[in-house]
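My request is simple: use the sequences and hints to build the entire structure.
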Amino acid sequence: MPRPIQRNRDGKRPKCSPCQRSSRNCHWIHETGTAASPSPVHQVGPLSSTVHETEYPSTQDPEHALQDLQVARLFRHYIEELAAWYDLNDSKRHFKDVVPIRARYNPLLLSAILAFAAANQHRTLGDHVYLDIAEFYHYDSVRRLISLTDNLDQLPIGETLAAICLLRSYEIITQNVSSQSHLQGCYSLLASRKIYLTADLLSAGYWNYLREDITVALIEQRSLMITLSGQNAPPEPTDDLDFANSITFLLGKIINRCLSIDSPALGLLEWEAMKTDLDNWKSSLPPSFEVIETSGLRMQSSFPSIWTLRSWHVSTLHYYHTAMGILWLAKPAAQPLNALQRIDDVESLRGKLEYHATEICALAFSSESAPVWVNAFGPIAFCGPWLRDTRKQMEIADELKKWGKVTGWPVALIAAELSPPSATGR
Numbered sequence: 001m002p003r004p005i006q007r008n009r010d011g012k013r014p015k016c017s018p019c020q021r022s023s024r025n026c027h028w029i030h031e032t033g034t035a036a037s038p039s040p041v042h043q044v045g046p047l048s049s050t051v052h053e054t055e056y057p058s059t060q061d062p063e064h065a066l067q068d069l070q071v072a073r074l075f076r077h078y079i080e081e082l083a084a085w086y087d088l089n090d091s092k093r094h095f096k097d098v099v100p101i102r103a104r105y106n107p108l109l110l111s112a113i114l115a116f117a118a119a120n121q122h123r124t125l126g127d128h129v130y131l132d133i134a135e136f137y138h139y140d141s142v143r144r145l146i147s148l149t150d151n152l153d154q155l156p157i158g159e160t161l162a163a164i165c166l167l168r169s170y171e172i173i174t175q176n177v178s179s180q181s182h183l184q185g186c187y188s189l190l191a192s193r194k195i196y197l198t199a200d201l202l203s204a205g206y207w208n209y210l211r212e213d214i215t216v217a218l219i220e221q222r223s224l225m226i227t228l229s230g231q232n233a234p235p236e237p238t239d240d241l242d243f244a245n246s247i248t249f250l251l252g253k254i255i256n257r258c259l260s261i262d263s264p265a266l267g268l269l270e271w272e273a274m275k276t277d278l279d280n281w282k283s284s285l286p287p288s289f290e291v292i293e294t295s296g297l298r299m300q301s302s303f304p305s306i307w308t309l310r311s312w313h314v315s316t317l318h319y320y321h322t323a324m325g326i327l328w329l330a331k332p333a334a335q336p337l338n339a340l341q342r343i344d345d346v347e348s349l350r351g352k353l354e355y356h357a358t359e360i361c362a363l364a365f366s367s368e369s370a371p372v373w374v375n376a377f378g379p380i381a382f383c384g385p386w387l388r389d390t391r392k393q394m395e396i397a398d399e400l401k402k403w404g405k406v407t408g409w410p411v412a413l414i415a416a417e418l419s420p421p422s423a424t425g426r
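Its first residue numbered 1, the sequence shown is counted upward by one per residue in the working numbering.
The set of hints was computed from the structure by calculation and includes no laboratory data.
It cannot be assumed that every hint is accurate.
Calculated lysine-lysine pairs in the DSBU-like style (CA-CA distance at most 35 Å, straight line) [unchecked claim]:
(1) 402 with 282
(2) 405 with 92
(3) 96 with 405
(4) 401 with 96
(5) 401 with 331
(6) 282 with 331
(7) 405 with 352
(8) 92 with 253
(9) 352 with 402
(10) 352 with 253
(11) 92 with 331
(12) 92 with 282
(13) 331 with 96
(14) 282 with 405
Okay, here's the thing in structure tokens:
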């Protein structure tokens with residue numbers, strides 16, 4: 001749906017990309033600005049209705065909207081199928097148990113849920129009716145987000161950050177992973193507020209935002225959009241959630257230091273300090289994170305049959321192997337090398353990179369978990385090209401296509417990059 005951006009100098013309204021793709025005319029409204037309801041007791045002025053080919057129930061009164069059969073089905077689809085994507089590392093299941101409750105009195109949050117759920121249904125079922133619904137509620141979410149900037153002090157930041165995470169997923173599965181509007185908006189929101197990382201919805205939203213930022217950064221091979229500071233560093237790990245958040249934070253710092261186009265090369269002392277942080281994290285993992293190897297678990301596979309007890313163990317180890325791969329790439333030479341030494345050094349590097357890529361793919365294969373697959377797209381996109389075995393390349397490309405159909409994620413470009421040249425005509 002069109003967004004309220006400024007007129008061009010010729011006085012004509014530009015068309016938004018969704019309407020261009022659908023060969024539809026953009027319809028515009030003049031919004032005076034209204035905020036999403038921060039709590040059940042606050043009254044909110046009426047929103048102007050959007051002009052749309054089909055009108056869908058307004059979320060201004062969430063309880064009334066949920067009486068609509070289609071809205072209720074999408075809401076339940078989010079709860080039953082999609083919320084787990086965000087609760088991958090969260091034992092308290094904020095996005096499954098807390099977000100739906102808050103959405104019953106927060107129009108922005110409900111619209112974001114409906115936009116994401118409808119977009120997922122469109123991608124997985126192929127029914128274009130869902131795309132129309134998704135764009136309707138996406139636009140409704142955007143105008144509510146815009147209105148929130150008028151009064152940041154009254155901003156329900158936990159619910160708003162959760163909504164932005166959902167809208168980021170909408171952007172990914174309906175457009176492409178380079179669509180940055182809500183990730184950028186989320187960055188601005190985070191940068192303007194001090195976040196205290198406790199066990200609440202705000203913290204759950206923060207870690208989800210960071211994981212989404214990591215995914216896109218790995219796919220695009222660039223730094224994060226957020227600057228990680230010590231004030232948001234997780235505490236010393238004591239449980240599985242802490243270990244998952246710690247490696248997320250460490251990977252984010254490594255990405256920002258090593259994948260930023262303006263960053264200088266690492267010095268040996270700095271590299272060793274970062275490597276020590278990873279080694280210390282790995283050595284402190286509880287036994288529950290140890291992988292289990294069961295020969296023949298995956299028939300006719302070129303990858304080792306390894307698995308873990310919990311899905312968050314997989315995602316946590318994925319981030320560790322990705323961080324290690326980046327560090328090996330960034331390792332400075334301790335001393336000048338001659339040609340023969342360089343050959344040995346390159347071959348050693350290739351072996352290390354292929355090991356980490358193999359572990360990432362093997363763990364993803366054994367998980368049978370859509371949340372794990374969604375979180376793995378970034379690590380696989382970055383590390384997968386290090387696989388040198390043609391059979392492994394074809395296997396991971398085929399699996400990615402299957403996971404894309406299940407999740408609705410646009411994985412075609414990632415799969416094409418991982419496919420051997422003979423399979424893609426390159």
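Status of each hint after checking the structure:
1. 402 with 282: holds, 31 Å
2. 405 with 92: The given pair, whose Cα atoms are some 28 Å apart, holds under the 35 Å limit.
3. 96 with 405: holds, 22 Å
4. 401 with 96: holds, 27 Å
5. 401 with 331: holds, 33 Å
6. 282 with 331: holds, 19 Å
7. 405 with 352: OK: residue 405 and residue 352 at ~31 Å, within 35 Å.
8. 92 with 253: holds, 26 Å
9. 352 with 402: Roughly 28 Å between the alpha carbons, so the hint for residue 352 and residue 402 holds.
10. 352 with 253: Answer holds: residue 352 to residue 253 is near 21 Å, not above 35 Å.
11. 92 with 331: violated, 38 Å
12. 92 with 282: holds, 24 Å
13. 331 with 96: violated, 41 Å
14. 282 with 405: The given pair, whose Cα atoms are some 34 Å apart, holds under the 35 Å limit.
The structure is inconsistent with the numbered hints 11, 13, although it conforms to all the rest.
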